[in-house]
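Read off the chains here:
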Amino acid sequence: MQAATAHEGLIVCVARLLAGLHHVAVGASSPIPAAGAMLVRAQDEIAGREPLRISILGSEEHNFFTNGGVELFDCAAQGRIDAFFLGGGQIDGQGNINLVGSGEYPRTDVRWPGSFGSSFMYFVVPRVILFREEHSPRVFVERVDFVSAPGTSAANVERRGGPHALLTGMALFSFDKARARFRLESVHPGFTAKDVGAATGFEYDAPASVPQTAESDAGTLTLLRGRVRRELAESYPQFASTLPEWREAA
Amino acid sequence: MALTSLDDLVAAIPPGAMLAVPTDYSGVAMAATAALVRRGTDNLHLICVPASGMQADILVGDGLVATLETSAVTLGEAGGAPRFQAAARDASIRLIEATCPAIHAALLAAQKGVPFMPIRGIIGSDVLAHRADWKVIDNPFAADDPIVIVPALSPDIALFHAPEADRFGNVRIGRRRELATMAYAAKTTLVTVERISDTSLLADERDAAGVLPALYVSQIAIARRGAWPLGLWGEYPADGAEIARYAQMARTPEGFRAYMDAFVQRARAA
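Order-wise, the sequence lines are chains H and G. -17 is the number of the first residue of the first sequence in the numbering used here; add one for each residue after it. 4 is the number of the first residue of the second sequence in the numbering used here; add one for each residue after it.
Calculated directly from the structure, the hints in this document are not laboratory data. Just so you know, these numbers come straight off a predicted model, no measurement behind them. Hints may be right or wrong, so weigh each one.
Unchecked claim - In silico SDA-like pairs for lysine to any residue, Cα to Cα no more than 20 Å straight-line:
no., chain 1, residue 1, chain 2, residue 2
1, G, K190, G, A155
2, H, K159, H, G69
3, G, K138, H, R141
4, G, K115, H, N49
So here's chain H without its partners, still in its complex pose (with noise of 0.2 Å):
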């Protein structure tokens, strides 16, 4: 069987931080988380276990809300979402999110869209993974332009949520709530610890000797390239036709 190529080894990355949770939303141009949730809903049924509940924004056919645009931020704040992803044009070594903007705020020198319901859903749902294909200086900063939402709180501020993990092309971190810092987990194949070193612009902890991120099974695989495949396609036609394809012999 084909070796996973890069955006099905980061599928199966995020398909392993969602692993036994209920309810998981996921944004309306986010192809890779949404195939990561596809992916656990499926080993979910195929094991026998309660299915993983997926909620694609913007989707028709992937959305049960049925109170407006605000249920999403009403099922967080009552506790009902475990899981959701968030990036940002920049996210720094505290775990704050810019997607605001670079630069001096107002007058930024790079204008992204906006901070949309970052600086509330980063409070309320307890695993926020960050997501961030691109791996570069540029994006990972020693401190954002401007905080959209804050990695971490004083104590007398209610939170539950906050970052869980910090996934990009080239490596997954997890977060140390308490320190404020983040931690080299395991570095995808084709990259070194030293390649991670030089495109992160902030500090961090790492192992004596950072593994390697395990390799996808052969099982996992035929479940993303057969049925999770078709499932993506139904939201994401473009992003799925770029994935390996196996079909189940006639």
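Given the coordinates of chain H, work out where chain G should sit on it, guided by the hints.
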């Protein structure tokens, strides 16, 4: 109910109005936006509920927006919103940065007739730091529990597009409840629709819950494919190629102007 023409509908929006518009997938009144551009209604305080795309980019690009209050502006798959980005860089508009649930909360306060609404999160963000109108208070019901409050937001006008209204002025909004929230909170609600139904949308108990009663609706105009090039739920998908064409042309002021000339003409023909 006042069934009116598209031009008369947008004439109800005065210069300087606080105008609330919904997000791309909710039902954006794009034909009315073209009519607004043609009319040149300026100095607007545009409130995106809670984010916007091509509509906000067009209004900003045409110089009609003095203040933009939003959680985000993006063209989605077509990329960044070019005129919004340029206006942010040049500081040619007053930008009021928000976060989606805070906009919903502020409208909800107006809906309930209360002066403010508390909301979790946000503390420690630069969104809060730049909002003189949002405050952090101590939860009066618990010790040492700071919480953000946002003031009630009552827009002068809510403007959106929906599949149908009936001749009594009731409007089908389906599950897009944020359209009802906007209408409850706004002083005036203007709606464009694909068609007018002869029978009351409230007649069938099974889908009456998805209807905004005429009580909250000021004026309605027919605008076929009135959300184009954006999509309308249950009716037609977004025209991705057209939005991408806009994204490309709007990169320069000249390209934007050329796009708008045709856009306004096409809207007139519709």
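The hints, checked one at a time:
no. : hint              : in the structure
1   : K190(G) / A155(G) : holds, 13 Å
2   : K159(H) / G69(H)  : holds, 18 Å
3   : K138(G) / R141(H) : holds, 18 Å
4   : K115(G) / N49(H)  : holds, 17 Å
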